[in-house]
Amino acid sequence: QKEVEQDPGPLSVPEGAIVSLNCTYSNSAFQYFMWYRQYSRKGPELLMYTYSSGNKEDGRFTAQVDKSSKYISLFIRDSQPSDSATYLCAMSADNAGNMLTFGGGTRLMVKP
Amino acid sequence: ETGVTQSPTHLIKTRGQQVTLRCSSQSGHNTVSWYQQALGQGPQFIFQYYREEENGRGNFPPRFSGLQFPNYSSELNVNALELDDSALYLCASSLKGEGGLDQYFGPGTRLTVT
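In order, the protein sequences belong to chains A and B. In this note's numbering, each residue's number is its place in the first sequence (first place is 1) plus 495. In this note's numbering, each residue's number is its place in the second sequence (first place is 1) plus 1183.
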């Protein structure tokens, strides 16, 4: 079993929809939680990070972490076709948030 | 676009050969991490270099080795290539000691082993 599980999708939604992306994990030592977006043929780009449990909002994006359930989520409001990409969750146990463990990624398609 | 660059962009090698991939960090960053991303999967951590020393390693065999230079650029070397080494190799730079949560990834080098 992988340390971080993520539904590969693809997830197809109409423009304007609210998107919910999720990851579960097994390592209780993880304390930093990140979401990356990866466009085709590009490197991952950091969207948001959260330390420990709680919510964090940045524009149309909201990240939630529930350490008791070992479950994290990323919500995208008012989704746009430009949001079409692969979304990767990543986690770290080290105190600088490096040495990331990634999920397998969820491919999102937002249709106009 | 980040300031992290990688070379070459694509590479084709034969099983058993050796390969060297290169990464230039974002200006001011002192830490480089390397990841392997197989097709359709998430990146897997290979190792990290901080101030020219290996600072952590994932579950990869010793034939994966690296270097970091005084200017913080880095190399990933893979010996005795296997077919399963075919993947996108990503490097990421960050500033250790300043949070380090902002890891900036390069575009990757796509390695094909035949």
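The hints are simulated quantities; they were obtained by calculation from the structure and are not laboratory data. Just so you know, not all the hints are guaranteed correct.
To be verified - To list a few chain B residues with every Cβ distance to chain A over 10 angstroms, as calculated: (1) G1211; (2) Q1231; (3) G1241; (4) F1243; (5) R1246; (6) S1248; (7) L1250; (8) N1262; (9) L1264; (10) D1267; (11) S1277; (12) D1285; (13) T1297.
Said to hold, decoys possible - Pair by pair, the computed Cβ-Cβ distance ranges are: (14) B:T1197 with A:N550: 29 to 35 angstroms; (15) B:G1223 with A:Y566: 29 to 35 angstroms; (16) B:L1266 with A:R572: 42 to 48 angstroms; (17) B:Q1201 with A:K497: 25 to 31 angstroms; (18) B:P1245 with A:S577: 38 to 44 angstroms; (19) A:G549 with B:R1240: 38 to 44 angstroms; (20) A:R555 with B:L1222: 27 to 33 angstroms; (21) A:G504 with B:F1252: 17 to 23 angstroms.
For clarity, every value in this text was computed on a predicted model and none was experimentally measured. The beta carbon of each residue, even a glycine, is placed where N, CA and C say it ideally should be.
To see whether the hints hold, each was checked on the structure:
For G1211 of chain B, the condition that its CB be more than 10 angstroms from all CB atoms of chain A holds, with the nearest at approximately 16 angstroms. Annotated as non-interface, Q1231 of chain B brings its C-beta within 10 angstroms of a C-beta of chain A; the closest such distance is 6 angstroms. With a cut of 10 angstroms on Cβ distances, G1241 of chain B falls inside the contact zone with chain A, its closest approach being about 8 angstroms. Annotated as non-interface, F1243 of chain B keeps its C-beta farther than 10 angstroms from every C-beta of chain A; the closest such distance is 13 angstroms.
For R1246 of chain B, the requirement that its beta carbon stay farther than 10 angstroms from each beta carbon of chain A is met, with the minimum near 20 angstroms. Against the 10 angstroms criterion, S1248 of chain B stays outside the reach of chain A, whose nearest CB is about 17 angstroms from its own CB. No Cβ of chain A approaches the Cβ of L1250 of chain B within 10 angstroms, the least distance being about 18 angstroms, so the stated non-interface status holds. At roughly 23 angstroms from the closest C-beta of chain A, the C-beta of N1262 of chain B stays outside 10 angstroms, upholding its exclusion from the interface.
Separation of L1264 of chain B from chain A is adequate, the least Cβ-Cβ distance of about 22 angstroms exceeding the 10 angstroms criterion. Distance check on D1267 of chain B: its Cβ is at least 17 angstroms (rounded) from any Cβ of chain A, clearing the 10 angstroms threshold; non-interface status holds. Annotated as non-interface, S1277 of chain B brings its C-beta within 10 angstroms of a C-beta of chain A; the closest such distance is 6 angstroms. Residue placement check: D1285 of chain B does not keep its beta carbon more than 10 angstroms from all beta carbons of chain A (closest about 6 angstroms).
Every Cβ of chain A is farther than 10 angstroms from the Cβ of T1297 of chain B; the closest lies at roughly 21 angstroms, confirming the non-interface assignment. Under the hint 29 to 35 angstroms, the C-beta atoms of T1197 of chain B and N550 of chain A, about 50 angstroms apart, miss the expected range. Distance hint check: the CB atoms of G1223 of chain B and Y566 of chain A are about 23 angstroms apart, inconsistent with the given range 29 to 35 angstroms. Taking the beta carbon of each, L1266 of chain B and R572 of chain A are about 43 angstroms apart, inside 42 to 48 angstroms as hinted.
Between Q1201 of chain B and K497 of chain A, the C-beta spacing of about 30 angstroms keeps the proposed range 25 to 31 angstroms intact. Taking the beta carbon of each, P1245 of chain B and S577 of chain A are about 43 angstroms apart, inside 38 to 44 angstroms as hinted. The given range of 38 to 44 angstroms is broken by G549 of chain A and R1240 of chain B, whose C-beta atoms sit roughly 31 angstroms from each other. The hinted window of 27 to 33 angstroms between R555 of chain A and L1222 of chain B holds, with their beta carbons roughly 29 angstroms apart.
Checked against the given bound of 17 to 23 angstroms, the beta carbons of G504 of chain A and F1252 of chain B, roughly 39 angstroms apart, lie outside it.
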